[in-house]
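**Q** Given next are the chains, with one letter for each unit.
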Amino acid sequence: MASVEIQNVQKHYGSFHALNDINLSVEEGEFVVMVGPSGCGKSTLLKTIAGLETVTSGQLLIKGRDVTRLEPGDRGIAMVFQSYALYPHMTVAENMGFGLRMAGRPKTQIDAAVARAAKILRLEEQLDKKPKQMSGGQRQRVAIGRAITRSPDVFLFDEPLSNLDAALRTQMRVELSTLHAELGSTMIYVTHDQVEAMTMASRIVVLNRGRIEQVGTPLDLYSNPANLFVAGFLGAPRMNFVTGKVVEAQGRSARIVCAGGLGVALDDLVQPAAIGEAVTIGIRPEKLRINDAGSAIAFGGQVRLTEYLGRETILYVDAGDLVTTGSDSGTGAFTAQIGEIRPFQTAAPVSIAFDARDAYLFAADGRTISSPKPVARL
Amino acid sequence: MFILPGALLFGIVIILASLQTVWVSFFDWDGVGEMQWVGLSNYVQLFDDAQFYVSLKNNLIWLGMFMLAPPLGLALALLLNQPIGGMRIMKSLFFVPLVLASVTVGVVFTWVYDPSFGLLSLIFGYFGATAPALLSDEHFVTFAVVAAALWPQIAFCLVLFLAGLNNLSEDLIGAGRVDGARGWPMLWHVVLPQLREVSFIALAVTVIGALRSFDMVAVMTSGGPFGSSTVLAYQMYEQSIFSYRFGYGAAIATVLFVIMAVFIAWYLRTLLKPEQENA
Chain G
89 MASVEIQNVQ KHYGSFHALN DINLSVEEGE FVVMVGPSGC GKSTLLKTIA GLETVTSGQL
149 LIKGRDVTRL EPGDRGIAMV FQSYALYPHM TVAENMGFGL RMAGRPKTQI DAAVARAAKI
209 LRLEEQLDKK PKQMSGGQRQ RVAIGRAITR SPDVFLFDEP LSNLDAALRT QMRVELSTLH
269 AELGSTMIYV THDQVEAMTM ASRIVVLNRG RIEQVGTPLD LYSNPANLFV AGFLGAPRMN
329 FVTGKVVEAQ GRSARIVCAG GLGVALDDLV QPAAIGEAVT IGIRPEKLRI NDAGSAIAFG
389 GQVRLTEYLG RETILYVDAG DLVTTGSDSG TGAFTAQIGE IRPFQTAAPV SIAFDARDAY
449 LFAADGRTIS SPKPVARL
Chain P
24 MFILPGALLF GIVIILASLQ TVWVSFFDWD GVGEMQWVGL SNYVQLFDDA QFYVSLKNNL
84 IWLGMFMLAP PLGLALALLL NQPIGGMRIM KSLFFVPLVL ASVTVGVVFT WVYDPSFGLL
144 SLIFGYFGAT APALLSDEHF VTFAVVAAAL WPQIAFCLVL FLAGLNNLSE DLIGAGRVDG
204 ARGWPMLWHV VLPQLREVSF IALAVTVIGA LRSFDMVAVM TSGGPFGSST VLAYQMYEQS
264 IFSYRFGYGA AIATVLFVIM AVFIAWYLRT LLKPEQENA
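Each protein sequence line maps, in turn, to chains G and P. Each position in the first sequence, counted from 1, maps to that position plus 88 in our numbering. Each position in the second sequence, counted from 1, maps to that position plus 23 in our numbering.
Think of the hints as simulated: they come from the structure by calculation, not from any bench. It is possible that some hints are incorrect.
Cut-off 30 angstroms, straight-line C-alpha distance, at most; resulting in silico cross-link-like pairs (BS3-like, lysine-lysine) [what the hints assert, rightly or not]:
{"#": "1", "chain 1": "G", "residue 1": "LYS218", "chain 2": "G", "residue 2": "LYS333"}
{"#": "2", "chain 1": "P", "residue 1": "LYS296", "chain 2": "G", "residue 2": "LYS218"}
{"#": "3", "chain 1": "G", "residue 1": "LYS220", "chain 2": "P", "residue 2": "LYS296"}
{"#": "4", "chain 1": "G", "residue 1": "LYS220", "chain 2": "G", "residue 2": "LYS195"}
{"#": "5", "chain 1": "P", "residue 1": "LYS296", "chain 2": "G", "residue 2": "LYS217"}
Excised from the complex, chain G in its bound form (with noise of 0.2 angstroms):
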């Protein structure tokens, strides 16, 4: 039995439709990650699921149970928000223990679900403190602590790092990744943040514009993305886009020329291509070769930029009329992302190679009509 079912759920506000039928499946002790650009409809979402909003029309199952009509309280879920939402006039262990409270347990029972969700979270020494004066850091431990202490079926996550330094973002993460394993409990996490989705994902959800673009494992969005927007949303430094033109179809195998008169050829499509389609190549940063020759695909550009991220090098390559869309740099310069150090002059002309067999290919209408072969798979 799946632990929360989404089924046909539409949100309207007036004319704009903020999700639109979105069906979705979450198993018992999953960590959905529901990932997407601002305004994707993730965080609608959520709160639809924890009922905070209510939905146009659709279903709602968690274990079974249809929810859809029913508070937030009743529905056996926990929430931790983005600002922490901790009732500032509690202390911490009221605060956690409020939600039982609530629901009329006993106070040695109240007691006992607070001071085990303090152990977990290390949080035993701040029970009596107000939220007021403690850190960021930890009074996201205590929401999370307030969503422990009620054993939801399921915890919902709405960006709860956002608000952290990058240093103790990384940190927390960890830690709910651990949480996650320790407790084996069904979590659905809203962020912005690809890294977040990647790492702590068993499965991602990529929405746009109120609709599920892709659901899948992170490495499988990452190598075979349904699609142009999850293929440019996944991945940093972003894919390499470049629009082109088939100009020789035959079967499966196209020949597409870009601007600059670069011509790729590629075979194994998913379905065959027409002469004259307009069509987006794509082609990961780390895969574009800069001054290797043997290459098929080699063309001449400019070094723009150098970044140096202490183990590996960031270039952004000018390349004439050949420009990339909505890439990392904005400006229509190559990403290449090389695994070592090595020094670059601004300015200095270089040669940029990749392999036919590394790139994808995007119909006119976003749709991915060809991979790179499968590499090894977890």
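Add chain P to chain G, keeping to what the hints say.
**A** Here is chain P on its own, set in the frame of chain G:
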């Protein structure tokens, strides 16, 4: 620099005038002629004056009944804050008494209470009864005046609470709902704690409003009948302006000032305490 003009004006008009009032209270003075030092005799006379105790009692009635304003204002604000159609118009209707000058409110209520053509007599007449002449009954008159003054005071508290309700944290309400709080527990544990500061301001303003009540008494009853509806502020005004006893009036003002000072001290203490906690 920015507060200097205000501070200067405050210093001259308020502080100096207050000090002068205390000074004048030790004299016998008709306002124009020679001032004659009488020491504490104004106060001695005051504490023997039956009228003073009537005023003091009436001030206490004002204070007690005015305490209804914050809870009633809060209740109305919670009601008006519901997402029901037409509430915007309702809200603006509730602002009306705030727009009216209190003198106007007094005059309007005098009409309402009028035993021959007032709204009250109409209502009583509908049930076949005769309306009591509230404003000329020495037992009811203060309650009738306070009821009139409560109207704008409730509206004022309502506006304060509405503003407070607009500032509620949506996430906190959400957290409360997830924790299963609804109805009274939600109001008590989640909403009201967030309205603490607003409630405090509403309470303080109401206390001070009750103590300095003057205009409604002046307009509706002039303290009558037989001085049964006077309050300290009105008695002070009457003694000073109509009876030319500025020294005696100043003594009343000083007593009123002392009573107010107690509340203001409490107000400032409570106001400053959370700031120290935060430091």
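**Q** Hint numbers the structure violates, sorted upward?
**A** Failing hint: just 1.
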